[in-house]
Amino acid sequence: MAYSLETKSVTKVYKTDTGETRAVDGVSMSVGNGEFVALVGPSGSGKTSLLAMLATLLKPSDGEIIIDGQSLSKMSDGQRTRFRREKIGFTFQANNLVPYLTALENVELMLQLNGRGNHAGRERAKELLARLGLGERLNNLPRQLSGGQQQRVAIARALIHNPALVLADEPTASLDTERAHQVVQTFANLVHEQKRAGIMVTHDLRMTEYADRVIQMMDGTVRRVIGDRNEIKAFASSRSSTEQPAQTRTLIQLKFNDFAPDLEIMTGTGERIRLSSLWKEKPLLLVFTRHFGCPQCKEMLDQLVQNKTDLEKSGLTLAAVTQGTPAEALEYCKRQAPGVVCLSDPDRSAYHAFGLERGTIWQVVLSPEVIKGTATARQHGHIAELPPQGQDVMQMSGTFIIGTDGRIRLPYYYENIADHAPIDLLLNGVLSTAWDKPFTGAMG
Amino acid sequence: MKIPVMLSFKEMWRNRGRFLLFSLVIALITLLVLFIAALADGLGNGNREYIQKLNGDLVVFKSNVDLSIGASQLDRAKLTEVKRVSGVKDAGQVNFTSVVLLPDDSTKLNVAVIGVEPGKPGEPPALQGSQLESKTSRGAILDRNVALRTDYQIGDEITVKTIQDTKEQLYKLKVVGITDGRQYSIQPSIIVSQDTFNLVKPGLLPNPNQTDLISNIIVVQLNDPTQWKQMAATLQNKVADITAVDKVTAYKNTPGYSAQQSTLSTQNFFSLLIGLLVIGGFFQIQTLQKVPQIGMLKAIGAPNITIALAALTQIVMVTILGVAIGTGFTLLLSLSFPPTIPIIFTPSAVVVSVVLLLLIGPVGGFVSVRYALRVEPLTALGLSS
Numbered sequence: 010m011a012y013s014l015e016t017k018s019v020t021k022v023y024k025t026d027t028g029e030t031r032a033v034d035g036v037s038m039s040v041g042n043g044e045f046v047a048l049v050g051p052s053g054s055g056k057t058s059l060l061a062m063l064a065t066l067l068k069p070s071d072g073e074i075i076i077d078g079q080s081l082s083k084m085s086d087g088q089r090t091r092f093r094r095e096k097i098g099f100t101f102q103a104n105n106l107v108p109y110l111t112a113l114e115n116v117e118l119m120l121q122l123n124g125r126g127n128h129a130g131r132e133r134a135k136e137l138l139a140r141l142g143l144g145e146r147l148n149n150l151p152r153q154l155s156g157g158q159q160q161r162v163a164i165a166r167a168l169i170h171n172p173a174l175v176l177a178d179e180p181t182a183s184l185d186t187e188r189a190h191q192v193v194q195t196f197a198n199l200v201h202e203q204k205r206a207g208i209m210v211t212h213d214l215r216m217t218e219y220a221d222r223v224i225q226m227m228d229g230t231v232r233r234v235i236g237d238r239n240e241i242k243a244f245a246s247s248r249s250s251t252e253q254p255a256q257t258r259t260l261i262q263l264k265f266n267d268f269a270p271d272l273e274i275m276t277g278t279g280e281r282i283r284l285s286s287l288w289k290e291k292p293l294l295l296v297f298t299r300h301f302g303c304p305q306c307k308e309m310l311d312q313l314v315q316n317k318t319d320l321e322k323s324g325l326t327l328a329a330v331t332q333g334t335p336a337e338a339l340e341y342c343k344r345q346a347p348g349v350v351c352l353s354d355p356d357r358s359a360y361h362a363f364g365l366e367r368g369t370i371w372q373v374v375l376s377p378e379v380i381k382g383t384a385t386a387r388q389h390g391h392i393a394e395l396p397p398q399g400q401d402v403m404q405m406s407g408t409f410i411i412g413t414d415g416r417i418r419l420p421y422y423y424e425n426i427a428d429h430a431p432i433d434l435l436l437n438g439v440l441s442t443a444w445d446k447p448f449t450g451a452m453g
Numbered sequence: 006m007k008i009p010v011m012l013s014f015k016e017m018w019r020n021r022g023r024f025l026l027f028s029l030v031i032a033l034i035t036l037l038v039l040f041i042a043a044l045a046d047g048l049g050n051g052n053r054e055y056i057q058k059l060n061g062d063l064v065v066f067k068s069n070v071d072l073s074i075g076a077s078q079l080d081r082a083k084l085t086e087v088k089r090v091s092g093v094k095d096a097g098q099v100n101f102t103s104v105v106l107l108p109d110d111s112t113k114l115n116v117a118v119i120g121v122e123p124g125k126p127g128e129p130p131a132l133q134g135s136q137l138e139s140k141t142s143r144g145a146i147l148d149r150n151v152a153l154r155t156d157y158q159i160g161d162e163i164t165v166k167t168i169q170d171t172k173e174q175l176y177k178l179k180v181v182g183i184t185d186g187r188q189y190s191i192q193p194s195i196i197v198s199q200d201t202f203n204l205v206k207p208g209l210l211p212n213p214n215q216t217d218l219i220s221n222i223i224v225v226q227l228n229d230p231t232q233w234k235q236m237a238a239t240l241q242n243k244v245a246d247i248t249a250v251d252k253v254t255a256y257k258n259t260p261g262y263s264a265q266q267s268t269l270s271t272q273n274f275f276s277l278l279i280g281l282l283v284i285g286g287f288f289q290i291q292t293l294q295k296v297p298q299i300g301m302l303k304a305i306g307a308p309n310i311t312i313a314l315a316a317l318t319q320i321v322m323v324t325i326l327g328v329a330i331g332t333g334f335t336l337l338l339s340l341s342f343p344p345t346i347p348i349i350f351t352p353s354a355v356v357v358s359v360v361l362l363l364l365i366g367p368v369g370g371f372v373s374v375r376y377a378l379r380v381e382p383l384t385a386l387g388l389s390s
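Read top to bottom, the protein sequences are chains A and B. With the working numbering, the residue at position 262 of the first sequence is 271, and numbering never jumps. With the working numbering, the residue at position 223 of the second sequence is 228, and numbering never jumps.
No lab work stands behind these hints, which were simulated from the structure alone. Heads up, the beta-carbon is just placed ideally off N, CA and C, and yes, glycines get one too.
With a straight-line cut-off of 20 Å between C-alpha atoms, the simulated EDC-like cross-links for lysine to aspartate or glutamate are:
| no. | chain 1 | residue 1 | chain 2 | residue 2 |
| --- | --- | --- | --- | --- |
| 1 | B | LYS172 | B | ASP110 |
| 2 | A | LYS68 | A | ASP34 |
| 3 | A | LYS83 | A | ASP71 |
| 4 | A | LYS135 | A | GLU114 |
| 5 | A | LYS68 | B | GLU381 |
| 6 | B | LYS7 | A | GLU114 |
| 7 | A | LYS24 | B | GLU381 |
| 8 | B | LYS177 | B | GLU138 |
| 9 | B | LYS234 | B | ASP71 |
| 10 | B | LYS67 | B | ASP80 |
| 11 | A | LYS204 | A | ASP77 |
| 12 | B | LYS252 | B | ASP185 |
| 13 | B | LYS7 | A | GLU95 |
| 14 | B | LYS15 | A | GLU114 |
| 15 | B | LYS179 | B | ASP110 |
Some residues of chain B that are not near chain A, with every Cβ distance over 12 Å (derived):
| no. | residue |
| --- | --- |
| 16 | ASP46 |
| 17 | SER190 |
| 18 | ILE290 |
| 19 | ILE349 |
| 20 | SER353 |
| 21 | VAL359 |
All chains should be modelled from the sequences, with the hints used to inform the complete structure.
The following block contains the structure:
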């Protein structure tokens with residue numbers, strides 16, 4: 010098979026305040042013409058960094074990327090921009106289109122940038138948009154189109170100039186299930202027909218059913234490659250949740266615990282205590298940070314501090330868990346989370362004990378008491394049927410996990426349900442105040 | 006160039022409300038700048054017009070009076086001495102004062118009265134009617150501004166009121182000619198002979214026995230006007246107790262002229278500076294709002310030059326539109342102003358102001374263009390360097 014894309018031991022190392030982070034660690038892969046590959050993995054697994062390198066937006070620290078037979082290693086910035094314009098098609102999660110250009114003009118722009126903006130090009134753009142079901146929407150501005158229609162325009166723009174490689178970054182992030190399926194199916198069909206190499210980064214595992222191969226990343230490396238059609242179907246249908254495998258595993262692991270793990274952990278002053286000494290008195294909210302200087306951690310801690318009074322009134326004890334030494338933890342907490350219990354987890358034993366994945370921010374609520382709350386569940390497939398109709402108050406106890414998307418997972422309440430899709434939850438109105446804005450910034 | 010122009014034009018057209026509003030802000034700044042420039046010109050002209058248009062090359066003052074026309078007093082002997090200096094073609098004595106013109110019972114018009122010697126330097130050419138005939142005639146040449154405001158015609162009799170020996174005195178003069186604008190001290194003027202000047206000037210009652218003719222300045226015509234610098238030095242060497250300067254120096258030293266012009270220049274400078282900051286601020290905010298869009302354009306391969314030209318084209322188009330609206334509006338508005346308001350739109354001042362206003366757009370927008378160039382394409386993926 011002729012390969013449009015090859016990577017050889019591609020590595021990306023970021024320098025951080027506390028040292029180096031290997032976001033992508035020796036990834037080798039190849040994608041052939043007409044092949045559609047889904048890249049999946051939890052936040053922090055390195056897939057976005059890998060995508061940025063494939064898109065020539067980021068230079069690898071090590072390794073080589075070859076697209077359409079050309080190595081990117083020795084290209085200047087100007088050559089990379091030109092290469093990107095000619096050989097790569099792109100769709101993004103958001104801000105995909107130029108807002109003041111019509112659907113047709115947005116697609117034509119790509120041709121114009123490549124010096125091919127002529128009458129024939131315009132006709133081709135119209136034809137492609139018509140194929141994508143937008144024949145009647147050619148002169149609509151993006152704001153007059155739905156999210157799905159906008160994504161289809163972006164797909165047309167990504168393909169109009171016959172690129173060797175087409176990249177899609179979370180193309181279904183803002184779409185409902187039905188539209189997400191339509192968009193990805195269309196994308197996959199066009200990649201196959203036009204013999205392009207297509208790579209889609211997605212959190213939504215259901216979308217992998219249209220892929221010819223699924224590459225699962227974890228901790229910057231390729232954890233698993235699924236190429237068999239039946240295995241891909243099983244992979245996609247086994248998890249109808251919007252969650253990633255690692256997070257789902259976390260839920261399953263915790264599901265069978267009656268209580269949260271009572272770990273030994275260090276305070277900011279270096280004293281070793283058991284978690285139970287904190288949560289047995291009052292429900293405990295633990296915030297696990299990624300590393301010092303992580304902007305998403307700061308955002309989360311800022312929200313925690315902002316809502317501290319409300320949260321404490323609702324009976325929660327607040328604690329921040331950092332990955333540095335007790336002294337570093339204390340300094341960090343003083344700066345970022347004043348008034349919050351400061352815990353240090355230098356060897357990440359607590360982090361791992363909860364089954365949390367590296368590079369991800371987590372909030373964990375531990376509660377021995379029954380918390381009464383008003384729950385609302387919406388979307389997310391069949392879980393939307395819960396709680397039972399007419400019953401909007403539920404009782405729950407135990408451990409709740411709040412992911413980086415700001416949603417709460419309930420490992421106990423739905424224990425008889427195989428699927429642990431997240432639900433949006435309001436606990437006496439308090440948590441909704443604290444986490445009504447999803448944390449979408451966590452990246453690999 | 007086609008893509009940047011297309012991008013900037015379509016953005017403006019499809020957000021025309023916002024861009025038109027901003028153009029109107031630039032138009033208002035243009036209005037302010039042009040009016041201040043016109044006011045500076047009008048006021049400056051009102052002070053200097055007579056001296057600037059003098060049919061002479063040098064103006065002679067008494068020395069040690071700091072070129073103050075009011076303080077300068079020169080007698081007939083000095084005129085004779087000046088005329089004797091080689092290179093001097095002709096010279097004439099000129100006096101200045103103010104009186105009230107009474108066109109009718111209810112109207113008063115303050116005018117400058119300028120006493121000149123008929124046929125000598127200092128007497129302006131009559132564009133209608135005739136020149137002053139003899140030094141004793143009661144004839145007067147009217148500045149065009151006086152004629153416009155009073156509707157006096159050649160042959161009309163005019164009445165001026167003056168205070169002499171603490172009493173109001175009325176004198177009748179006859180209009181013999183009308184000249185172009187000859188304002189002095191921000192007043193329109195009437196030009197009369199020296200005898201008539203001495204008759205109407207405020208102060209003591211005229212002394213019929215006075216034989217010597219005292220004037221404020223002497224206007225000198227030279228055989229070779231290009232040699233004015235050397236001739237000024239020669240005059241000062243050969244005639245005692247005088248200072249000879251060119252016309253520009255003379256009018257710049259009229260009372261309040263420099264202070265007034267520098268005040269208005271400062272106002273204009275600050276108006277332009279405010280314009281610069283407003284335009285810079287608007288485009289910087291706009292660029293900040295467009296960071297994701299710029300990141301996306303760069304990510305799909307738009308080169309930096311396209312981004313920069315698109316931003317620059319837009320700045321230039323908005324500025325041109327704003328300045329054009331502002332200029333047109335200013336000129337229309339100026340038509341409704343009465344002649345008493347000292348506003349003059351001279352082509353050179355308008356062109357200079359418009360060019361400066363057109364320049365502040367790109368200069369003010371420079372920071373935003375630079376910022377746009379520094380946007381990382383990685384922002385399209387939610388990453389930053």
